[in-house]
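Asks: Could you put the whole structure together from the sequences, leaning on the hints where they help?
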Amino acid sequence: MATCKYDWPDAGHRELIGKRIERIDGPEKSSGRAKYTYDTNPPGRLIAKLCTCPYAHAKVKSVDISAAQKLPGVKAVLVIQGPGSEIQWAGDEIAAVAAVNEEIAEDAVRLIKVEYEQLPHLVRDADLKKAEALGRTKAAGEATTGDPGKAFQDPDAVVSEGFYGVPVITHCCLESHGNVTEWTDAKTLKTWTSTQNVSGAPGQFGQGLRLKNVQVDDGNIETICQYIGGGFGSKFSPDRWGIEAAQLAKMAGRPVRLMLDRDTELEMAGARPSAYGKIRVAAKKDGTLTAWDSESWGTGGVGPAGHPPLPYVLDIPNRHWKHTAVSANIGGARAWRAPNHPQGCLITMAALDDLAAKLQMDPVDFLLKNVNLAPEVLRKTYTEELQKASELAGWKKNWHPRGDKTAGHIKRGMGVSLHTWGGRGHTSSCNVIVRPDGSVTVRLGSQDLGTGTRTVIAITVAETLGLAVDAIKVEIGDSKYPMDGASGGSTTVGGVTGSTRRGAIDARDELFAAVAPSLGVQPTALEAWKGNIQVKGDSSKSLTWKQACSKLGVKTIQTTGKNPGPCHLGDSGVGGVQIADVSVDTETGQVKMNRIIAAQDCGLVIDVKTAESQVYGALIMGVCYSLFEQQVMDETLGVMLNPNMEFYKLATIGDIGEFEVHMMTGPGYDERGVIGLGEPPVISPGAAISNAVANAIGVRIPTLPLTPDKVLAALEKGAMA
Amino acid sequence: MRRRKDRPQKAGSEKSSLTRRDFLKGAGVTVSGGLLAGSTVANAAPPGPAGGFVGPGAVPITLRVNGKLHKLNLEPRVTLLDALRDRLDTTGSKKVCDRATCGACTVMIDRKPVYACTVLAIEAEGHDITTIEGLAADDKLSPVMAAFVKHDAQQCGFCTPGFVMACTAYLERDHNPTLEEIEKNLGGNICRCGTYRGIRHAVLEAAGVKGGAHGNL
Chain A
1 MATCKYDWPD AGHRELIGKR IERIDGPEKS SGRAKYTYDT NPPGRLIAKL CTCPYAHAKV
61 KSVDISAAQK LPGVKAVLVI QGPGSEIQWA GDEIAAVAAV NEEIAEDAVR LIKVEYEQLP
121 HLVRDADLKK AEALGRTKAA GEATTGDPGK AFQDPDAVVS EGFYGVPVIT HCCLESHGNV
181 TEWTDAKTLK TWTSTQNVSG APGQFGQGLR LKNVQVDDGN IETICQYIGG GFGSKFSPDR
241 WGIEAAQLAK MAGRPVRLML DRDTELEMAG ARPSAYGKIR VAAKKDGTLT AWDSESWGTG
301 GVGPAGHPPL PYVLDIPNRH WKHTAVSANI GGARAWRAPN HPQGCLITMA ALDDLAAKLQ
361 MDPVDFLLKN VNLAPEVLRK TYTEELQKAS ELAGWKKNWH PRGDKTAGHI KRGMGVSLHT
421 WGGRGHTSSC NVIVRPDGSV TVRLGSQDLG TGTRTVIAIT VAETLGLAVD AIKVEIGDSK
481 YPMDGASGGS TTVGGVTGST RRGAIDARDE LFAAVAPSLG VQPTALEAWK GNIQVKGDSS
541 KSLTWKQACS KLGVKTIQTT GKNPGPCHLG DSGVGGVQIA DVSVDTETGQ VKMNRIIAAQ
601 DCGLVIDVKT AESQVYGALI MGVCYSLFEQ QVMDETLGVM LNPNMEFYKL ATIGDIGEFE
661 VHMMTGPGYD ERGVIGLGEP PVISPGAAIS NAVANAIGVR IPTLPLTPDK VLAALEKGAM
721 A
Chain B
1 MRRRKDRPQK AGSEKSSLTR RDFLKGAGVT VSGGLLAGST VANAAPPGPA GGFVGPGAVP
61 ITLRVNGKLH KLNLEPRVTL LDALRDRLDT TGSKKVCDRA TCGACTVMID RKPVYACTVL
121 AIEAEGHDIT TIEGLAADDK LSPVMAAFVK HDAQQCGFCT PGFVMACTAY LERDHNPTLE
181 EIEKNLGGNI CRCGTYRGIR HAVLEAAGVK GGAHGNL
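If you read the protein sequences in the order shown, they are chains A and B.
Letter 643 of the first sequence, counting from 1, is numbered 643 in our numbering, and no numbers are missing.
Letter 156 of the second sequence, counting from 1, is numbered 156 in our numbering, and no numbers are missing.
Rather than coming from a laboratory, the hints here were simulated on the basis of the structure.
All C-beta atoms in this analysis are idealised placements derived from N, C-alpha and C, irrespective of residue type, glycine included.
Be aware that one or more of the hints could be misleading.
Derived list of chain A stretches under chain B, where covered just means 3 residues or more per stretch with a C-beta under 8 Å from a C-beta of chain B [stated by the list, open to error]:
{"#": "1", "region": "39-50"}
{"#": "2", "region": "170-177"}
{"#": "3", "region": "542-554"}
{"#": "4", "region": "564-577"}
{"#": "5", "region": "641-655"}
Replies: Quick look at the structure:
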């Protein structure tokens, strides 16, 4: 029974929550009517293009924009990094041009003359010794727990050593980063921004513009983002090019669209840091983990980029980790779905899988044996998920010890991994409006990244008011609406359901107070259920929703709901287990996905349909980074060799295999309340697939992606060993 | 779910053999050769103005988009995609890779799917151009769109119009596809959010392939 005013309804009193409901903006998207930033064409709109640096490391000696300025059709030219600027990666911005159309803008960019002094660069980071020799490394953390030195020397310890790694990948959002900016008068800026942070964007614009001596009050800036074509952690700010677009719009006196070209998008709008690690890990002969030692490194550009959590999830009692940051001349790190977790997961779970193979243990049994090293709150979850995923995968029947011994060149294997994430709801506020005609609007400055934010808001309010989902008008994507946090780190669903639940309960209670006299009861005796306001336990005393709202007379109810707030509506900390099933062609080196099974917890699931889509999407993204994706840098030229979509490879529809997703719900999960889901299921695929390949062919491919050349090289090395 | 063709080939299936990948090859010729002769569209294009040369300055072009004629003054180098999006505000077709890889800009020319980023607007003159806006009236959904909604074959939605166009064009050629054929024929479109599973179900649904429980495609 619900005991606190705002609590989620009990399972028996849920009409919508936990069901499979279609996303409410699906028709807008599938019909092409959804308008994204890139689609915004205010009258008189100019198009801006960037002049970028071709060198990985250089000093700007001179910039001559005079020819570009004279080109007919060019309305504004802005130098971004002028003489004396030190450029740290190829593709960084030197100047921007706004012109009447794309073709003239490109012509003008070609007319800009820039002289550079080239400086030495480092763009590859897999070789730590080389980076150290060039003075491009910095200690990024080290810690020791217990006594790993002693534990490794224990005569009963079985020790496995290995090298594992994940290269830099990019976000490759299909809608590139960018903005459309318009000064509607001298003091007022309107921006359409492809952003994960609608409410925060005006402040970011204001700060950036004032640094460029463009005076504007944050309160006079409005940011709109109704639809966003992918973010994945890379779109928390309007970015320097957003400020530039606003400057160009001011200079030209016309709206300006500045969307990154695909090459610039891949070069500078999102690098997921790499991570490589030399690992030693030890267990007793019965599989009990005893010791861990890791020396890891990676790059997220010239600045720091955090470090992968090692060892991942399992707190092995005696452990030491040390991480080194490599400063490389590539576009800077941006959060990429579950920052640092996929890297930490791959390194840890691959190392544990190799140890299990050495112990001749079934890796699922090995993880079950060590699940007590996971955070206490997740031990039961992992145990149940390992059992569920194994059952769905037919693990007991299909798994074999390392190396498929069957005849032929197609080898099949299975691998397992587990992961965790936080996902507590962010700070959120909303207005819930109930009008005398019965219409209901919920309004907040949130954004829907394709995760289903609009849909979960509608479900939450509809459930609370006893209405159908389509009775709720959801208005998001405008900074003029009540403040909602940025969508990052799986915090949105917990935030928006918390604020809208509280706001809707208060609105409902105001309505109860207005209609109670006409039903001759106290307001507390009423409930909102299936389109009616009725006396609890006596549905004969009932008003339809419309009749009830008409009792408001001329008064409109408007409440404000907030998160965090009273009562337990959400939590933090989820667990997930994944099992991958692959076939490897030992003649071509090609890895084919057969199936991935995912068992995932996220507390109370609001909409099973969009939640499952999140998991399917994460698994497919996982297949992409496990088999195909990597930023390929040319050591000599310092440039990215694949800043395009034909060579920056993503999976297509035929590459992904089949999926089975099991959401952990019901007692033990639901009562935790709502927890975010965007990040967790994208963490394990790399490890699960890498382990499956090792299980198939009998040797480890040390680094992702698991490309045919690496498979063949590992097979050759394995055969010689 | 049936992955392989388990029935005789339909009569006339040869004429529907243009696949997305075949189109990609054609577009590749256009790009690498700097000529138009290799593209599907150019093969059918009418002869240009007298003398065979136009430009480099703007020239009058009339485009028939979703049955409606639009008079434009464009440089010959303007792509069909930029003409649609930036001149006509027909923004359902998205600009993503801008070089015939991802399919987000897919439109139909004379009911054949093409990448609008790799067709010049002037090449499309005299042809029927269908964009996603032309598949369904204002607040209606085409059967393919409705299937995408039902099977949640979309997340951020930026690749979705291109997929809907590619699916629509494909199902006009093959009314009873197997899963393998769907995967082959939609291999020219890329999604970043990972909606391919929903798309498989959506295309099967739109094709009217029941196949019982869809299992775990």
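Asks: None of the hints should be skipped; say for each whether it holds.
Replies: Hint check:
1. 39-50: holds (count 3)
2. 170-177: Per the Cβ count (5), the hint holds.
3. 542-554: violated (count 0)
4. 564-577: violated (count 0)
5. 641-655: holds (count 8)
Of the hints listed earlier, those the structure fails to meet are numbers 3 and 4, in rising order.
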